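S.K.: Using this note's numbering, the first residue of the sequence shown is number 1, and each one after it goes up by one.
Simulated from the structure, these hints should not be mistaken for lab results. Bear in mind that the values here come from a model prediction, so they are computed numbers and not experimental data. Here a beta-carbon is modelled for each residue, glycine too, at the ideal position from N, C-alpha and C. Among the hints, erroneous ones may be present.
With a straight-line Cα cutoff of 25 Å, these simulated SDA-like cross-link-like pairs (lysine to any residue) come out [stated by the list, open to error]: (1) Lys261 with Leu129; (2) Lys261 with Lys169; (3) Lys141 with Arg36; (4) Lys82 with Val93; (5) Lys143 with Pro222; (6) Lys81 with Glu271; (7) Lys82 with Met207; (8) Lys82 with Leu254; (9) Lys259 with Ala89; (10) Lys141 with Pro222; (11) Lys169 with Pro222; (12) Lys259 with Lys169; (13) Lys259 with Pro222.
Here are the computed distance ranges between Cβ atoms for each label pair [as the list claims (entries may be wrong)]: (14) Glu26 with Glu269: 14 to 24 Å; (15) Asp25 with Val171: 46 to 56 Å; (16) Val247 with Gly115: 42 to 52 Å; (17) Gly226 with Leu191: 50 to 60 Å; (18) Thr262 with Ile77: 32 to 42 Å; (19) Ser208 with Gly140: 35 to 45 Å.
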Amino acid sequence: MVAENLVTETSFSCSDSFVLYFSADESPRWLFINGRRKEFAETLRSMSSQKNINLTERFFENCVRKNIDDDRRIYSILLEKKWALRRLAALVVVGFGVGMAFYGMPLGLGSLSFGNLYLSVALNAASELSAEVLLFIVIGKLKRRGSLLGLCLLSGVCGSASVFAVGLKGVEMGLEMVSFFSVCIAFNVLLIYVVELFPTRVRNTAMSVVRGSTLVGGLVGPIVVGVAGGKNGGSLAYSVFGAAIAVCGFTVVLLPETKGKTLCDYMEEEEARDGEAISNGV
């Protein structure tokens, strides 16, 4: 009965999202960059108040005409540019490790020696919520590369250290909470980092690829819990998660820092802005 109610409640939220999809406007900037000028103009007009309609018309008259590549070339653009491919590959590796830990850790709570599954789930939920609030407050001050690397290492150390805390219920649960807290922040910092590393032309594609890598990691997480969850008091699975996110997190050193930089629209703008960094392989 509980499962049926849960499925019903989640289906309502999905239905609401489906309805909102048809009432939301597409990003005018994205439409313009991708050459969909008619939809771009219609969207801007729908957003403009009646008193600003002349301003909107003047904007259309002064728009710079640029040749836009066909949408089907987006993937080839990412593959042709070595710097973009290098960035994407590094982010995919990080995404895999972060996704494995983010989706896998909550599934292994029942194998820990803490005892009270309901309380451990509640503590994990509190960790995730507090991570979201903290990141919202401090994201403007954080360096993307350094913070992502530090969070991955912190999560990895705490997750791996849980193997030495078997039987110490409070310590084991505390290490798991710190590890999961770090993963939650790292997950969001990773997505922000992706947005800042790629120009508008390929940003959605890069985000989709990296997001897919986190989901692939999430598919591996339950397998790790199933295989190692019952061993060594249940902490072995968390050691695997810790090792995975720490090792994968090291690929962040191959990426440039993006804090404080303006977002570019085209690949050429990105190359002109970060010419020296790109020539050095980042």
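S.K.: A separate judgement is required for each hint: does it hold in the structure or not?
M.R.: Against the structure, the hints come out as follows:
At roughly 28 Å between alpha-carbon atoms, Lys261 and Leu129 are farther apart than 25 Å, so this suggested pair is violated. Proposed proximity of Lys261 and Lys169 is contradicted: the alpha carbons are some 45 Å apart, above 25 Å. Taking the CA atoms of Lys141 and Arg36, the gap is about 36 Å. The hint is violated against a cut of 25 Å. A hinted pair counts as satisfied when its Cα atoms are at most 25 Å apart, and Lys82 with Val93 qualifies at roughly 17 Å.
Annotation: proposed proximity of Lys143 to Pro222 is violated, straight-line Cα distance about 32 Å (limit 25 Å). For the suggested pair Lys81 and Glu271, the alpha carbons sit about 10 Å apart, so the restraint of at most 25 Å is met. Between Lys82 and Met207, the direct Cα distance comes to roughly 18 Å. Compliance with the 25 Å bound is thereby established for this hinted pair. In summary, the hint linking Lys82 to Leu254 is supported, as the alpha carbons are separated by about 13 Å, within the 25 Å threshold.
The hinted pair formed by Lys259 and Ala89 meets the criterion: a straight-line CA distance of about 20 Å does not exceed 25 Å. In summary, the hint linking Lys141 to Pro222 is not supported, as the alpha carbons are separated by about 35 Å, beyond the 25 Å threshold. Taking the CA atoms of Lys169 and Pro222, the gap is near 23 Å; set against the 25 Å cutoff, the hint holds. The suggested pairing of Lys259 with Lys169 is violated, with an alpha-carbon distance near 40 Å, which exceeds 25 Å.
For the suggested pair Lys259 and Pro222, the alpha carbons sit about 34 Å apart, so the restraint of at most 25 Å is broken. Range check, Glu26 to Glu269: Cβ separation about 22 Å, and the 14 to 24 Å hint holds. At roughly 51 Å, the beta-carbon separation of Asp25 and Val171 lies within the given 46 to 56 Å, and the hint holds. Hint check: Val247 to Gly115, Cβ distance near 31 Å, so the stated range 42 to 52 Å is violated.
Separated by about 28 Å at the C-beta atoms, Gly226 and Leu191 break the suggested range of 50 to 60 Å. For the pair Thr262 and Ile77, the beta carbons lie near 20 Å from each other, so the given range of 32 to 42 Å is not met. Separated by about 26 Å at the C-beta atoms, Ser208 and Gly140 break the suggested range of 35 to 45 Å.
Hint compliance for this structure: hints 1, 2, 3, 5, 10, 12, 13, 16, 17, 18, 19 are not met, and every other hint is.
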